[in-house]
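Enquirer: Each chain is listed here by its residues.
Number of protein chains: 2
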Amino acid sequence: MEKILITGLNGFVAKHFLDYLEDNHIRAQVLGIDIQPACMYNGFKYIDFHYACIDLLQQKEIEKILFQFQPEYVLHLASYSSVAFSWKNPILSFQNNVNIFLNLVEVVREYSLKTRILSIGSSEEYGNVNEADIPLKETAGLNPLSPYAVARVSQEMLSSLYAKSYNQDIVMTRSFNHIGPGQSDVFVVSSFVRRILEAKMSGMKELQLPVGNIDIIRDFLDVRDVVSAYYKLLHKGKKGEIYNVCSGCAVRLSEIIMFISEALDIRVIPSVDDALVRPNDNMLIVGDNSKLCNDTDWHPHYCLKNSISDIIEYWKIKLN
Amino acid sequence: MEKILITGLNGFVAKHFLDYLEDNHIRAQVLGIDIQPACMYNGFKYIDFHYACIDLLQQKEIEKILFQFQPEYVLHLASYSSVAFSWKNPILSFQNNVNIFLNLVEVVREYSLKTRILSIGSSEEYGNVNEADIPLKETAGLNPLSPYAVARVSQEMLSSLYAKSYNQDIVMTRSFNHIGPGQSDVFVVSSFVRRILEAKMSGMKELQLPVGNIDIIRDFLDVRDVVSAYYKLLHKGKKGEIYNVCSGCAVRLSEIIMFISEALDIRVIPSVDDALVRPNDNMLIVGDNSKLCNDTDWHPHYCLKNSISDIIEYWKIKLN
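Those sequence lines, one after another, are chains B and P.
Just so you know, we're using our numbering here: the first sequence kicks off at 28 and counts up by one.
Just so you know, we're using our numbering here: the second sequence kicks off at 28 and counts up by one.
Treat the hints with caution; some may be incorrect.
One copy or any two copies: either way a pair holds, since identical chains are not told apart in the list.
Unchecked claim - Straight-line alpha carbon distances no greater than 30 Å define the calculated DSBU-like cross-link-like pairs of lysine-lysine that follow:
no., residue 1, residue 2
1, Lys227, Lys318
2, Lys115, Lys30
3, Lys115, Lys191
4, Lys259, Lys30
5, Lys227, Lys263
6, Lys343, Lys232
7, Lys265, Lys30
8, Lys318, Lys265
9, Lys332, Lys232
10, Lys30, Lys232
11, Lys266, Lys115
12, Lys332, Lys318
13, Lys115, Lys91
14, Lys141, Lys115
Don't read these hints as lab results, they were simulated from the structure.
Okay, chain B solo, but in the shape it has when bound (with noise of 0.2 Å):
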């Protein structure tokens, strides 16, 4: 029986990362932890399921539970993953990101434990790009923009540092932007869907939907494959290497936007609000998959609009 740790647990990704365990009947032994005290996880009926409140920037609490646990596998999903967050608060967000991992990857190091660690990156981490490079490779320039996508090349300059240097099992990503049903409305795809179907609801015909810039474009990846992307890697990915976790896919934010409108069938008017406008914002993100379905079997289930009517179905749910 395999034993996982899950860092983060009451984000997004470890909700469904557990989903895809459970799905998968797959017999584990799971830790999750999370500065917050754990939203409800019980009815699990594969995996055995244990749950602590822990802050990852107290390296003793740390100490103390991996020693304990002494997990084969940790998936480290705690992160504040909001550029917008880390533009107002770079501090936090740096600590946040760059100091918990160093001070995971540390303990792991110090009691020479025998566990793979993923370690999540960012699509952020390329920067702006030049349209030849796109798709983009693991293999391409970084030119982070945002103090969070900083603390992402931090990171995974940290992890490629610790997996050459100090000979320890990481593996990392640069994740592209994830959507699916559960996603806070802080992430623009469930704010689109939130809003647009808020307006269905009360029976208007026409919205007036303030926008950030809607002409970039980008690689959205359903939660529910990147959850068997890091399954899979964690079992099959190359020590030291990095992997792009994306759909391969190019979208507009419009297009977004036309499709929910479709899906719903209202009529949606954007209007650019520039406080809702990212100052230094990558205009065009698109990556390439190919070395993550080489090295690991791994390839993507749902389509944009499979995500979008689900998208939409867990709001229906959650605003009734």
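Please arrange chain P on chain B, whose structure you already have, making use of the hints.
Expert: Leaving out everything else, chain P in the frame of chain B:
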């Protein structure tokens, strides 16, 4: 009268920077800060010197001091700058490089202070380099090979970001190896001089000297040339730009031993002690200083033999 804040006051470089101001009759109001109580600093003729004991990890303390003093220039020297230390204490090294820098730039941003910061980086950022790239220009790729080097790259990425996105006035260096009188014998050249001098003073004609890898090639710059570069960069460096601070000359560590041996007239037989060999060390680091020379009219004044001779004099006094 210009106002200069110096962090890391008790360090090797700060002391020489104060000497530079005095030697050049620069009338400046200087506030030196350090986490330790101040070493003896008095008898200044040209500068109006003040001191405060500050922990840069405590943002409130930095806020207070910056807001009160309102410096035009910040020379940010505070750092845990030993690569060897960073291998043993990656977390402390990271905190006392990146986090303290971030605290500093955040205060300047929040209070919209009209302050230029000189962010000190390191040649270690380049990492393992191709011989074809020697001498290294600032455009060369970065491939950091130690926790210290990763911390310096992170600091530099944050500096670039703050300069570009927040329009903050930051100039960056990649400073190569320093040598000079007063440097701690934690650092290689000072350590060689001290040990060889001690052998000479005890009457030995020949010394078996335990060493690490002395085939590595470095670019050593006298600290007195370093501080003149820093002063010029504070005044003439271009905002958001990175400058190599280096001599441009390639010197093998074994040659340094030979110079010292000749100057002291004692035979030195180096013997490699594996415990002194660093994991993953760079073989070859030599920089190109033309950008610094062109933009600031800086030129180095100390040749290697002068520096070594002055370091020997320093240790003679210190050991007596």
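Enquirer: Regarding Lys259 and Lys30, is the shortest C-alpha distance of 30 Å or less found within a copy, between copies, in both, or in neither?
Expert: within (15 Å within a copy, 57 Å between copies)
Enquirer: Taking 30 Å as the upper bound on the Cα-Cα distance, should Lys115 and Lys191 be classified as within, between, both, or neither?
Expert: between (34 Å within a copy, 16 Å between copies)
Enquirer: Could you place Lys343 and Lys232 in one of the four classes (within, between, both, neither) given a Cα distance threshold of 30 Å?
Expert: within (17 Å within a copy, 88 Å between copies)
Enquirer: Up to 30 Å between alpha-carbons, please classify Lys115 paired with Lys30: within, between, both or neither.
Expert: Only across copies: Lys115 and Lys30 sit 29 Å apart there, 37 Å inside one copy, limit 30 Å.
Enquirer: Evaluate Lys332 and Lys318 at a C-alpha cut-off of 30 Å and name the case that applies: within, between, both or neither.
Expert: For Lys332 and Lys318, the Cα distance is within 30 Å only inside one copy (25 Å; across copies 53 Å).
Enquirer: Reference check for the pair Lys227 and Lys263, CA-CA at most 30 Å: within, between, both, or neither?
Expert: Classified as neither: same-chain Cα gap 45 Å, cross-chain 59 Å, threshold 30 Å.
Enquirer: Should Lys266 paired with Lys115 be assigned to within, between, both, or neither, using CA atoms and 30 Å as the limit?
Expert: between (35 Å within a copy, 23 Å between copies)
Enquirer: As a check of your reading, is Lys227 near Lys318 (CA-CA no more than 30 Å) within one copy, between copies, both or neither?
Expert: neither (42 Å within a copy, 60 Å between copies)
Enquirer: As a check of your reading, is Lys265 near Lys30 (CA-CA no more than 30 Å) within one copy, between copies, both or neither?
Expert: within (19 Å within a copy, 53 Å between copies)
Enquirer: 30 Å Cα cut-off: does Lys30 pair with Lys232 within a copy, between copies, both or neither?
Expert: neither (51 Å within a copy, 62 Å between copies)
Enquirer: One pair to classify: Lys115 and Lys91, alpha carbons no more than 30 Å apart. Within, between, both, or neither?
Expert: Answer is between; shortest inter-copy Cα gap is 21 Å, intra-copy 33 Å.
Enquirer: If the cut is 30 Å between Cα atoms, do Lys332 and Lys232 qualify within a copy, between copies, both or neither?
Expert: within (22 Å within a copy, 83 Å between copies)
Checked against the numbered hints above, the structure breaks hints 1, 5, 10 and satisfies the rest.
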